[in-house]
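Using the hints provided, position chain S relative to the given structure of chain A.
The listed protein sequences derive, respectively, from chains A and S. Under full-length UniProt numbering, the first sequence has 138 at position 138, and the numbering climbs by one with no breaks. Under full-length UniProt numbering, the second sequence has 126 at position 126, and the numbering climbs by one with no breaks.
Hints should not be assumed to be uniformly reliable.
Identical copies look the same in the list; a pair holds intra-copy or inter-copy alike.
[Claimed, not checked] Keeping only pairs whose Cα atoms sit at most 30 Å apart, straight-line, the calculated DSS-like set for lysine-lysine is:
{"#": "1", "residue 1": "LYS59", "residue 2": "LYS111"}
{"#": "2", "residue 1": "LYS59", "residue 2": "LYS146"}
{"#": "3", "residue 1": "LYS19", "residue 2": "LYS209"}
{"#": "4", "residue 1": "LYS163", "residue 2": "LYS2"}
{"#": "5", "residue 1": "LYS163", "residue 2": "LYS209"}
{"#": "6", "residue 1": "LYS227", "residue 2": "LYS88"}
{"#": "7", "residue 1": "LYS136", "residue 2": "LYS148"}
{"#": "8", "residue 1": "LYS111", "residue 2": "LYS194"}
{"#": "9", "residue 1": "LYS88", "residue 2": "LYS2"}
{"#": "10", "residue 1": "LYS194", "residue 2": "LYS2"}
{"#": "11", "residue 1": "LYS195", "residue 2": "LYS2"}
{"#": "12", "residue 1": "LYS148", "residue 2": "LYS111"}
{"#": "13", "residue 1": "LYS90", "residue 2": "LYS167"}
{"#": "14", "residue 1": "LYS136", "residue 2": "LYS19"}
{"#": "15", "residue 1": "LYS195", "residue 2": "LYS133"}
{"#": "16", "residue 1": "LYS227", "residue 2": "LYS59"}
{"#": "17", "residue 1": "LYS59", "residue 2": "LYS165"}
{"#": "18", "residue 1": "LYS88", "residue 2": "LYS136"}
{"#": "19", "residue 1": "LYS136", "residue 2": "LYS194"}
{"#": "20", "residue 1": "LYS136", "residue 2": "LYS163"}
Hints in this document: simulated from the structure, not taken from any laboratory.
2 protein chains.
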Amino acid sequence: MKHLEVCLTPALLPLYDLKGSIVVVIDIFRATSSISYGIDNGAAAIIPVASVEECLSYKDHGHLLGAERNGEVVAGFDFGNSPFSYTKEKVAGKTLVLTTTNGTHAINESKNADEIVIGSFLNLTAVCDYLVKQDKNVFLLCSGWKNKVNLEDTLFAGAVVNKLKDKFDAWCDSSVLAEDLYLCAQGNLNEYMKKTSHSERLKKLGIEKDIEFCLNVDILDSVPVIKNGQIVRSS
Amino acid sequence: MKHLEVCLTPALLPLYDLKGSIVVVIDIFRATSSISYGIDNGAAAIIPVASVEECLSYKDHGHLLGAERNGEVVAGFDFGNSPFSYTKEKVAGKTLVLTTTNGTHAINESKNADEIVIGSFLNLTAVCDYLVKQDKNVFLLCSGWKNKVNLEDTLFAGAVVNKLKDKFDAWCDSSVLAEDLYLCAQGNLNEYMKKTSHSERLKKLGIEKDIEFCLNVDILDSVPVIKNGQIVRSS
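Just chain A, with the same shape it has in the complex (with noise of 0.2 Å):
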């Protein structure tokens, strides 16, 4: 039986080995949401880069850049993470370059493993059809919030457990830790997100309905994975 692990934040990286893995990427609040949006919607690819610099580079490529820190548009940049900001109209036959705070940090320090996929409530089905067929081990990759543990994307890494736990051991203390997690929220996810009322992240004007909106479990049915440093459509 294969492996499937959890690791909370990036900053815990160091203790594991990807090697042979297949790595699920998950920054629920918004990279990974948006990016798996914005595939499903028809985006031709999706280049995740590591600082707002290396975006900028891309500009005379024709691409549409993006950029988030600390939760908001960079100055001089079109689009951050906002879901909404990834629909049919905006992305469609468009290719993408983009940098966020914990998403693309995170895909970016997933380089040792066999194969990077990209995951969110919106495909959540999807992703664990696409994991159980690779039959390989998994790794479930929390982006956190700037290295720390972060509710949303524990939330999901205890989705995909729940969803997998028949088919693959999944034992270690951090996916047991994930899945009863998910198990108190899984009845009201928006509900449940309002605990961390009092985070200052989550407070950001207008960020409410990207919340609400990356919360829909099971909505978009493609797998978006990495292919030559791209994002793509899994084929």
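Using the frame of chain A, we list chain S on its own:
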């Protein structure tokens, strides 16, 4: 209102500022449980040291020397971190020198704190009452297992959050997560811990009785604190 934060493993400590805070070091299986038991049983002091070599350097001081690595007593030492080595008969009036895989590491990593307290289920309420009296920010530091997150330390952090959340601002995501995990498990901590029965680290011969003992709640009323590098009973 003072803050209460939870740090799920020492690997995440660089993300936090401990200055001015009381740190509660948590290593439920088994260092901080055994230390609490030993102090309650009248040990004069327990000196936590980082390495086996440092522990050995106390050889000619007439102290009891304990060393544990990977869950086992280090060869040449009389005891490790089993609570049953910390009974009244064995430790009353004695000074112990102790090094363990996770717990003493976490203590050493907490040096920037204003004060360090040793926590365990055995003295849960006593520790919580002590924290309320000090009127400082509180930082719950889970020792984890070799820097990975573990269930038992997270559960204890959650128990403290649950007891203190009306008296402290305890809304960081890790606090919410720890408390909800504790609420899942509180009905039967011992049964809950069997969820990790696949975990190699808990399968070790003879540790079942230790685990059961370390999950007793409120059987002690003393609070061990660090003074001048030594763990002593708080006055």
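Within, between, both or neither: LYS194, LYS2 at alpha-carbon 30 Å = Intra 35 Å, inter 21 Å, cutoff 30 Å: inter-copy only.
message = If the cut is 30 Å between Cα atoms, do LYS19 and LYS209 qualify within a copy, between copies, both or neither?
response = neither (38 Å within a copy, 37 Å between copies)
task = Evaluate LYS136 and LYS148 at a C-alpha cut-off of 30 Å and name the case that applies: within, between, both or neither.
result = Both: 28 Å inside a copy, 22 Å across copies.
query = Is the C-alpha distance from LYS90 to LYS167 at most 30 Å within one copy, between copies, in both cases, or in neither?
reply = neither (38 Å within a copy, 48 Å between copies)
ask   = At most 30 Å between C-alpha atoms: does LYS59 with LYS146 qualify within a copy, between copies, both, or neither?
value = This pair counts as within: shortest intra-copy Cα distance 27 Å, inter-copy 44 Å.
request  = Please work out whether the CA atoms of LYS227 and LYS59 approach to 30 Å or closer within one copy, between two copies, in both situations, or in neither?
outcome  = within (22 Å within a copy, 59 Å between copies)
task = Have a look at LYS111 and LYS194 and pick one of within, between, both or neither, based on CA distance no larger than 30 Å.
result = Neither, since 34 Å and 35 Å both go past 30 Å.
inquiry  = Cα distance capped at 30 Å. Does LYS59 pair with LYS111 within a copy, between copies, both, or neither?
reply    = This pair counts as within: shortest intra-copy Cα distance 25 Å, inter-copy 48 Å.
Status of LYS133 relative to LYS195 across identical chains (alpha carbons, at most 30 Å) = between (36 Å within a copy, 27 Å between copies)
query = From the Cα coordinates, with 30 Å as the cut-off, is the pair LYS136 and LYS163 best called within, between, both, or neither?
reply = Classified as within; 16 Å inside a copy, 42 Å across copies.
Same-copy or cross-copy closeness of LYS148 to LYS111 [CA-CA at most 30 Å] = both (20 Å within a copy, 21 Å between copies)
message = My question is about LYS227 and LYS88: at a cut-off of 30 Å on alpha-carbon distance, are they close within one copy, between copies, both, or neither?
response = Classified as within: same-chain Cα gap 22 Å, cross-chain 63 Å, threshold 30 Å.
Violation of the numbered hints given earlier is confined to hints 3, 8, 9, 13, 17, 18; the remaining hints are satisfied by the structure.
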